[in-house]
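For the sequence shown, my numbering assigns the number 3 to the initial residue and increments by one for each residue that follows.
Bear in mind the hints are in silico, worked out from the structure with no lab data behind them.
The C-beta atom is built at its ideal place from N, Cα and C for all residues, glycine as well.
Just to be clear, a hint being listed does not mean it is correct.
As the list claims (entries may be wrong) - Pairs of lysine-lysine, DSSO-like flavour, derived with a Cα cap of 30 Å: (1) K207 x K178; (2) K103 x K113; (3) K181 x K106; (4) K76 x K56; (5) K171 x K108; (6) K171 x K56; (7) K76 x K108; (8) K171 x K184; (9) K113 x K207; (10) K178 x K76; (11) K207 x K11; (12) K22 x K76; (13) K207 x K106; (14) K181 x K11; (15) K76 x K113; (16) K116 x K130.
Claimed, not checked - Now the in silico label distances, taken between C-beta atoms and shown as ranges: (17) K130 x I203: 31 to 39 Å; (18) S25 x D174: 29 to 37 Å; (19) K22 x H71: 26 to 34 Å; (20) D201 x M120: 26 to 34 Å.
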Amino acid sequence: MPAHLMVDKLSVEVKNFSLKDISFEVERGEHFAIVGPTGSGKSMLLETIAGIRKPSSGKITLNGKDITHLPPEKRNIGMVYQDYVLFPNMNVYGNIAYGLKIRKYKNIDEKVLKLAEMLGIENLLDRKIDSLSGGEKQRVAIARALAVEPEVILLDEPFSALDSETRVKMRDSIFKLLKRNKITTIHVTHIEEDVECADRIAKMKNGYLLI
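Sequences are here, hints too, so could you generate the full structure?
Here you go:
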């Protein structure tokens, strides 16, 4: 049986930088962490898996299906950026519900409330984004990514903008939530302590992945 997500000999060319012949597999429900310095290609790799960037060669498969050239909205992969990328013109509810409305889900109110309760932000649903703390914004970003029930969630330096105490608390609670719900997770960071909860760890340097 093939791995849940497979990346095979993936290369990406962007101006003066490239990812080179990257291959790895992630099993369903596994937390796979990639640690490496800023500029090593971690974000570029996640964006290619998400469909935001196009590879020059190689293959990405999910559940045995080739998704290499599918647009992002067809991949059922969620992504959370370091700077959250929340919609400032919407409140917390609107941000979490956004993807559900686009996909015309039913029972949106129920789904949003359930996610908010899971992440401890049910009391923030009417709040504007600019009134939230960094930790609260991160929880909203996670909730929005999980709302559409992605098969894989990609976390790009998700806690590095938080202070040390908040980062540790957020990191542990979010990773426990993802593991409990058996969500396949690929998490990149330059902070080595943030990969302690991972099932497997790889290192990235100058566009190469070292497993």
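30 Å limit on alpha-carbon distance, applied to hinted pair K76 and K56
Since the Cα atoms of K76 and K56 sit roughly 14 Å apart, the hinted pair holds (cutoff 30 Å).
Does K103 pair with K113 here, judged by a C-alpha cut-off of 30 Å?
11 Å, holds
30 Å limit on alpha-carbon distance, applied to hinted pair K76 and K108
This hinted pair holds, its Cα atoms lying about 19 Å apart.
Would you mind confirming whether the straight-line C-alpha gap from K207 to K178 stays at or under 30 Å?
28 Å, holds
Can the restraint linking K207 and K11 be considered satisfied, given a maximum Cα separation of 30 Å?
16 Å, holds
Does K11 sit within 30 Å of K181, going by the straight-line distance between their CA atoms?
28 Å, holds
Outcome of range test on Cβ distance (D201, M120; 26 to 34 Å)
21 Å, violated
Does the structure keep K171 and K108 at a Cα separation of 30 Å or less?
33 Å, violated
Would the pair K76 and K113 pass a check requiring their Cα atoms to be no farther apart than 30 Å?
21 Å, holds
Given the proposed pairing of K207 with K106, does the C-alpha separation stay at or below 30 Å?
Outside the cut-off at roughly 41 Å; violated.
Satisfaction of hint between K56 and K171, Cα-Cα up to 30 Å
With Cα atoms ~35 Å apart, K171 and K56 exceed 30 Å; violated.
Pair hint K116 and K130, alpha-carbon separation not exceeding 30 Å:
Holds, at about 19 Å.
Against the hints set out earlier in the document, violations occur for numbers 5, 6, 9, 13, 19, 20.
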